[in-house]
Structure formats: C-alpha cells, structure tokens
Amino acid sequence: MNLLEPLQYPFMQSALLLGSVVAALCAVLSCFVILKGWSLMGDAISHAVLPGIVLAYLAGWPLAVGAFLSGLLCSVATGFIKQNSRVKEDTVLGVVFTGLFAFGLVLHSRTQSELHLDHILFGHLLGIGPFFTLKVIGESPGAEYVWSLDLDFGSLGGQVILVGILVAALLLVLRRDLLLVCFDPNHARVLALPVKFLTYLLLALLVLAIVVSLQAVGIILVIAMLITPGCTAYLWTDRFDRMMVISVGTAVASTVLGILASYHLDGDSASCIVLAQSLAFAASFLFAPKHGWLASKRRAARNSAFPSAVS
Amino acid sequence: MPDFLTPFHYDYMLRAIWVSALVGGVCGFLSSFITLKGWSLMGDALSHAVVPGVALAHLLKLPFALGAFVAGLLASGAMALIKAKSRIREDASIGIVFTSFFALGLLLISLNPAGVDRKTIIFGNLLGIPDKEVWQLVIISAVTLLVVGLKWRDLMLFCFDPNQARTIGLRTGLLHLTLLTLLSATAVAALQTVGAILVVAMLITPGATAYLLTDRFGVMLWISAGLGVLTSVLGAYGSYFFNGATGGCIVTLQTLFFLAAFLFAPKHGLLSARRRARINLEAKIPS
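Chains as they are written, first to last, in my numbering: chain B, 1 to 311; chain E, 312 to 598.
Just so you know, the hints here were simulated from the structure itself, not pulled from any lab data. Heads up, some of the hints might be wrong.
What the hints assert, rightly or not - Calculated cross-link-like contacts (lysine to any residue; reagent style SDA-like; alpha-carbon spacing at most 20 Å):
#  : chain 1 : residue 1 : chain 2 : residue 2
1  : B       : K82       : E       : R587
2  : E       : K396      : B       : A295
3  : E       : K394      : B       : F11
4  : B       : K88       : E       : K396
5  : B       : K36       : B       : L203
6  : B       : K88       : E       : C470
7  : B       : K196      : B       : L73
8  : E       : K396      : B       : S296
9  : E       : K396      : B       : L203
10 : B       : K88       : E       : L581
11 : B       : K88       : E       : A395
12 : B       : K82       : E       : K396
13 : E       : K396      : B       : S304
14 : B       : K297      : E       : K394
15 : B       : K88       : E       : N591
16 : B       : K82       : E       : R586
17 : E       : K394      : B       : R298
18 : B       : K88       : E       : F575
19 : B       : K82       : E       : L524
20 : B       : K88       : E       : D526
21 : B       : K88       : E       : A571
22 : B       : K290      : E       : A395
Isolated chain B, as found in the complex (with noise of 0.2 Å):
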C-alpha cells in the first residue's frame, strides 16, 4: 500500500480533489478548443490574466475578477487589431499576450507584494490546503458506511470548485449548440442560432476556466489541459459525446497519476500532470484501433497487398 500512502494526508487529499475537478472541466472545455482551433487563444489568454492579477491585488479586488477582465481583454484587443491592420491573426495574438504578460512582470516587479508569482505562474496545487471534511454519518442498515462530503466555499478550493461544476454544467446543457457553432458557424447561423452570442459565451467560458485552472497548474501549463485530452479523445472515437467522456476520463486519471507521482518523485506537480496527459495521448497515437499510426499502417499495408480491393 505504499504507493498509496500519500492519500492519507490531508494536503494530498485536496490536491486530489481540486487537480480532478480543474481537470474534468478543462478536458470537457478542451473538446470545443481543438474543433474551433482556438489553441493558441487558450495560450495566450493564459498569459494575458498576469497583469489583471497584479492589478487586482493592488486594488483589494478578488484576483479572480482582474483575471478574468484581463484575458478577456487580450481577445478583445487582438479582434480590433486584427480587424483595422494587416498584421496576421496569429501574429497579433503573440504580440498582444506577450506584452499584457510583459507588464503584468514590470508591475509585479513594483509592488512589494506578498503575491507570489511562482504559484501564479506553476501552480500551487500541494499547498492548497484541506478545504473539504469527508466524514462518516451513520451505518446504513446493509453496514455500509454513509460518507458526507462538506465542501468550504469560504475557501479557495471550495469556490472553485463551485465555478468549476457551474462552468461545466452550462458547457454540457448547451452543448449541442455550441459544437454547431464550433463546426459549422454557417449552418448554424442558417437554423437561426446566435452564434455571436455562443461564440463570445464560449470565450468567456474558456476565460472563466483558466482562470479557475490557474491555482491547480498555474499560468504555464494550463494550455496542455485545454488542448491534450480533448486531442487525446479525438484519436478515439467519431462522436462528440464520447469524445468528451473520453476526454474526461483520461484528464482525470492522468490527474490521478500525475499528483501520485510527483509525491513518490519529489517533483513539482503540475509538470507530473500535464506529462501524464502527454503520455496518454503519446500512446493514443500510437495505438488508437482507427486513427493511431499502427492501425493506420496495417491498413496501408493491407491495401498495398490487395490492390485490386482499393480500385
């Protein structure tokens, strides 16, 4: 049972928690980025929360809600910008998150503050802190035991848990119209949805779960859980929706794996996560049964051998 051992603390219980429930809800986010093609826009908005963070501290405001008014400006600026300049969209992009994060450091560089760029930056998911009691409250009459699991919302890991279950529930109630939008804007358009308004709703919610995201991986790392599980999935299977169980399911467990290893390795957590993820995917492109690399050369093999089949 020593490869379980961590589980007994109480710190290692809520990075548990706390790193599944980010992880679930990016893995189901990080299904609508890749169809979109929003990549390098859950990268640089990443990048781009650093300044509002800085700023909200210095104003006594929640960090969260500079954050978010933060990364929402970096797509908004890079929209106006793009839209009045000849300067490619990508291209735009990388000089607006980089400058926002440029000052966020010239800023935080200024204030002699007790903000702590490295858990902004990587993530503090260890140092979280027990922020949920799970306790016994009676034998049932088949003497199995009855848990109750008291979240804390006063606290941080409480309240974005919260965010978290209400972002993916909005995500998984209208969801069917957004992967409309995300695969066919102009049908649907034609059935008379508001892609604007979707379009915009799914940006904000993207900016919502970085955000949310940002405690467990922090700022660096948080793209990989918006982009691997969902590439994971989609190596998997055809339909949306299994697509997004697969993406969850493989999240979740590389979250497992990852925080149980950076415990037996001593090393820095988010980076055991977020590889992982990279090793599922690694071996989903291997030996996806349709989509992988190996089944794919046994078909071109087959097909080679029988010519006459393909034609």
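With chain B fixed as given, assemble chain E onto it according to the hints.
Relative to the frame of chain B, chain E by itself:
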C-alpha cells in the same frame, strides 16, 4: 551625479546592455521572416521546447546551447510527425508537443534543485549572465547574422511564396530547415535575455511593427532589427530601476512601439486609414 547615469557605472549593467542589444538585433532581423512566414506559434513553441535541453545540458555539464538546440529539433520533428500521421490539427499538435517538452523541463529542474534555477529559465538572467554564456550568445548571433546576410533573398522568397521559390530552382526543404534552425538558435539566445515566455515577443513584435511601417522587405529588415536593438538597450537600462525585470521591460517597450505604429503608421496605421476612409466618403458625396 544624476540618478539616471548610475546604471552605467556598473560593469554588469554595461555588459547586460550590449549583450541584449546584440540579441535584440539578431531577433529583430529574424522576426521579419517569422512574421511573413506566419510562424508565430512555432516561435512560441520552440522557445518553450528548448527548456528540457537546457536543464539536461546543465546536468551533464554541456554547453546549454547544444542541449537546447537538440531539444528544439526533437520538438519540431515530433510536431511534424503528429501532424503527418494523425488527424490532429497543426496548431493543436504544436500545443501538445511544446507543453510536454516544457513540462519535462520543469520536472527535470524540480528534481534537481541544485542545478539551474527555474526563475533563470522563465525570466532570463541578463544581469547575472556568466562569461562562457556570453560567448555562446556571441557565436550564435554571429552565425545567424552570417546566414541571414548571405541568404536573405532566398529566405525572403521562401517566406513570401514557397511555390515560386521551388519553381526557380531553390531548395525549399533546405530553406525550411535553415529557417527552423535559425529560429531554434535565436530562441536559445533570447531565452537568456528575456526568458522562455517572452522569447516569442522578441521574435515577432519588431517584425510586426516594421510591417506596419513599410512595404519594402529590405527596409522592413532594418527597421525591425533597429527596433530590436533600441528596445533591448532601453529595456536593459530601464530594468535597473525596475528590480531586474529585464524581459518585462524590453517586451513592454516593444509592445508600446507596436501600438504606436498600429495607431500612427503613415500608411497602414489606424488613424491614416480612418482619414483615408473619410476623404473617400467626402469625395463620393456630391456637392
């Protein structure tokens, strides 16, 4: 003695200023090609992907440029493989590969606390850069400038119109590899001055700014290189007053220059476009 001259009295500040000017200039030259080619995401990806190479090189006591270079090539190979052999889109495959490499780099650093500092890689270490690393930067810059100087016309054609380049008998595969190699090399150099996260700004912002100011590629090259040098010198100097946030200062300045060009550029700026639109409108209204 006035306050604003104090940075010049320190050797480490003088060295930081000339080293950053050199790197800024080289990145500026290259950024013209990168913006034309539309490789912003590639620049971002490579600058993150070199990190495990740097960490391993420190472990094995090899020159950091060598490790970074190998990691950069491995990453671009992996991106090409995923794109060619699966149905994942290019931008997503770039994202997966560079975050994996970066995570591996951070893990290696966290496993070996005595080695290279995490902060050095993320924010650069211009003010405390050791002598032998300065030499590596000088060599990287010299080689990059030499290659760009000899081959800039071929590279320009390749960036503008690869088909045309192929038609007139240029070896586009080789040019692609050359540009990728130069990109990795300069990403490593810029890693030292502004850190892994802001390298991409050095590689695209001067080029994008210059692109708003001129229509001629030769002029664009010089403007972007000049901007790279100017912002790096001012940023390194300014970082003396900003608690050593060198990368932040340099890139903030570059973004301000870009915004100024976006608003006020004589032909492609926002204000002149608005003025033109108004004049056109007035010309159309019959009096």
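Check the structure against each numbered hint from earlier and tell me which ones fail, lowest number first.
3, 4, 9, 11, 12 and 15
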